[in-house]
Amino acid sequence: MFFFPAVLLGKSISKLTKLLKIGGGSAAPGLYALKIEPELVNKLSQQIPKNIVITGTNGKTTTAKMLAHFAKAAGLKVIRNHTGSNLERGIASTLIDGVNLSHPWGRLNRHLGIWELDEAAFNSVAPKLKPNIIVFLNVFRDQLDRYGEIDTVVKNWCQTLQKLDPKTAVLVNGDDANVLKLAGCFKGKIQKIGVKGYKIRGESAQKLKEKESLDFEARNVKLNGLRGSQLSLIINHKSLIINLPLPGLYHVYDFLASFALGINLGLDSKKMLSSLKNYSPAFGRVEELPFGCIFLIKNPTGATQVFETIAPNIKPEDRLLFALNDNIADGKDISWIWDAEFEKLQPTTYNLQTICSGTRVYDLAVRLKYAGVDPKSIIVVPDLNKALKEARTGLKGRLFILPTYTAMLELQSILVKTGIKKHYWKEE
Amino acid sequence: MKIVIGYLYSDLMNIYGDTGNIIALTKRTQWREVEVKLKVKSLKSKIKKGECDLYFFGGGQDQAQQLVASDLESSGKGKVIKQEVERGVPLLSICGGYQLLGEYYKPHKGPKLPGIGLFPIYTEASYDRMIGNLVIESMFDKLVGFENHSGKTFLKKGADSLGMVIQGFGNNGKDKTEGCLYKNAIGCYMHGSLLPKNPKLADWLLQKALEIKYGKQIELKPLDDTLELQAHQKAISRFSK
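Going down the list, the protein sequences come from chains X and P.
Start counting the first sequence at 1; every next residue gets the next number (my numbering).
Start counting the second sequence at 1; every next residue gets the next number (my numbering).
Derived from the structure by calculation, the hints contain no laboratory data.
Model, not experiment: these values are computed from the prediction.
Note that CB positions come from ideal geometry on N, CA and C, so glycine has one too.
Watch out, some of these pointers could steer you wrong.
Just so you have them, the derived chain P footprint on chain X, three or more residues with Cβ under 8 Å [as the list claims (entries may be wrong)]:
1. 326-339
2. 369-378
A few chain X residues facing chain P, derived, Cβ under 10 Å [claimed, not checked]:
3. F4
4. L101
5. R141
6. D151
7. T152
8. E343
9. Q346
10. V361
11. A365
12. V366
13. V381
14. P382
15. D383
The calculated label-pair distances, taken between Cβ atoms and stated as ranges, are [unchecked claim]:
16. X:N313 <-> P:K2: 32 to 40 Å
17. P:L43 <-> X:N243: 39 to 47 Å
18. P:P120 <-> X:S124: 55 to 63 Å
19. P:H108 <-> X:N313: 49 to 57 Å
20. X:E39 <-> P:K44: 52 to 60 Å
21. P:G117 <-> X:N313: 24 to 32 Å
22. P:P120 <-> X:S213: 19 to 27 Å
23. X:S213 <-> P:R129: 58 to 66 Å
24. X:G397 <-> P:P114: 56 to 64 Å
25. P:R238 <-> X:L289: 43 to 51 Å
Extracted from the complex, chain X is given alone in its bound form:
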């Protein structure tokens, strides 16, 4: 009964925050609108013919962005929570933003909703979205202070899945033993994605007994440095060669997930693949700048994958800038930096100028020292703005910037202020 006033309120808050430049309007409108209409997400999302939920520790944003790219190439109108605001209030804000008020009572005129939900939000928000398709990408240690242990995450997902409609199409990463456990909790069919000959380095002691048969299996994966990767995939008995413009094996998994979602939606596989050429990565994920590149690091597995990807491509004239924050969105516990294999950056980085920044800059500097970086090449600059200036002064090669989540947001705003890029919520 408070549905329409809630949407109106949300819309005005969104306008205000943007007008006053106090944020991208990505959380506050939803937060207040939900207070007067708790069923808002439920009601608004049901106006969208198809909803997709993407969850897991790593790769949510890239998978969502790539799927949106495929869908738009097929002419579909997409709505998604694209600023990484993946709690219920973020979803509500996005939905409110999409409502067309010129229609009586407000309508959402979209074909497809793509929703990324974090490990915890999945359990409360997915049942409200009643998704047609869900993908579980992976589960790694991440912000144990927020999500709890892996076993707990999987157990909660399992309970949520049991309550969902068995007709829901469920996709899981067949190479991740923890995610694979979900097959036992769902009455309907489960499709598996994965890479031939690979296995996710599990966080569980339990190993995959034998290779699972995969519904979407990448083969002949060739990693071509920072330029991207090549792989082949058999679809309808035909082998397709795919050139992925994103580096690292972890992006192969993100691609597989978005491609498999596309197939489930009935999108044409050839059209999806040809549209890959004009795909540009999500902000902070292999984001290219005129003088270097940003790679978000936020948990041990993701960070290690980034290190493995960039290490062979670092040249002696390049520099590194790390920024470690311990705000709530980063996780207040920074123990994870000791599980992330900074050692993989060796020996290229031994004498490379390495600038450290962020609220936990000294912990970061110690981590690098113990990973084998010469303390003489470690420069500590707590303030990120100053750290970026320091890193760019006299830079001959490229600058690899590796920030945690809130440091990445801070960096985006510095880049905007210095005119290097436009506001990220206007990027879409």
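Once you've looked at the hints, dock chain P against the given chain X.
Okay, now just chain P, sitting in the frame of chain X:
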């Protein structure tokens, strides 16, 4: 000289960056040109007396902890570790490892999980999650780490704590104690990782390991700890109210 570090159940008991402690111990030994060897001791493996000069035991998920508790008993490792600590071999245990070396762990439901009784402590499950930065005053000066536990640990009469809480919850959030010290063995709730930014404690463990092994007083070669001490001081000043 040479130090052999026994890493207990590294495959099952390693969350919250506990590996950082092993990295710190290993590097600080190597930087002093002392040879270091890491021996992983997990399910079913045996430990001989005198085989390891220093033990590390991290925290794990609940399910893993049950497996480990029964293995400590059935493999005989628990008994050997206890005897080794009695003769002065140093040990560092954190969170789950600390709990399993106590007398028992009492879960919400079901029977008590027996520990090996190395530390005169016991732990009870609670519904409070004690999460946050933890600063304590100890014989190794101030120590700083990050705690994340719901079990509440209580010291038995006569037991020594590792230190007193300045900021955070510590053993149980009530009596201001944190951790336990028995001979040269330490149990505590400090992740972080603990040793990299508390180098004095790391060096105490290494020194004790060498002294017990070689039966003489040993002075460790000093290291340049500028970065480590900055991390130590910054964290303490930031988190102590």
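Each hint, compared with the structure:
| no. | hint | in the structure |
| --- | --- | --- |
| 1 | 326-339 | holds (count 8) |
| 2 | 369-378 | holds (count 4) |
| 3 | F4 | violated, 40 Å |
| 4 | L101 | violated, 43 Å |
| 5 | R141 | holds, 6 Å |
| 6 | D151 | holds, 5 Å |
| 7 | T152 | holds, 8 Å |
| 8 | E343 | holds, 9 Å |
| 9 | Q346 | violated, 13 Å |
| 10 | V361 | holds, 8 Å |
| 11 | A365 | holds, 5 Å |
| 12 | V366 | holds, 5 Å |
| 13 | V381 | violated, 13 Å |
| 14 | P382 | holds, 9 Å |
| 15 | D383 | violated, 14 Å |
| 16 | X:N313 <-> P:K2: 32 to 40 Å | holds, 38 Å |
| 17 | P:L43 <-> X:N243: 39 to 47 Å | holds, 45 Å |
| 18 | P:P120 <-> X:S124: 55 to 63 Å | violated, 43 Å |
| 19 | P:H108 <-> X:N313: 49 to 57 Å | holds, 50 Å |
| 20 | X:E39 <-> P:K44: 52 to 60 Å | holds, 54 Å |
| 21 | P:G117 <-> X:N313: 24 to 32 Å | violated, 53 Å |
| 22 | P:P120 <-> X:S213: 19 to 27 Å | violated, 54 Å |
| 23 | X:S213 <-> P:R129: 58 to 66 Å | violated, 40 Å |
| 24 | X:G397 <-> P:P114: 56 to 64 Å | holds, 59 Å |
| 25 | P:R238 <-> X:L289: 43 to 51 Å | violated, 31 Å |
This entry does not satisfy hints 3, 4, 9, 13, 15, 18, 21, 22, 23, 25, going by the numbered hints stated previously.
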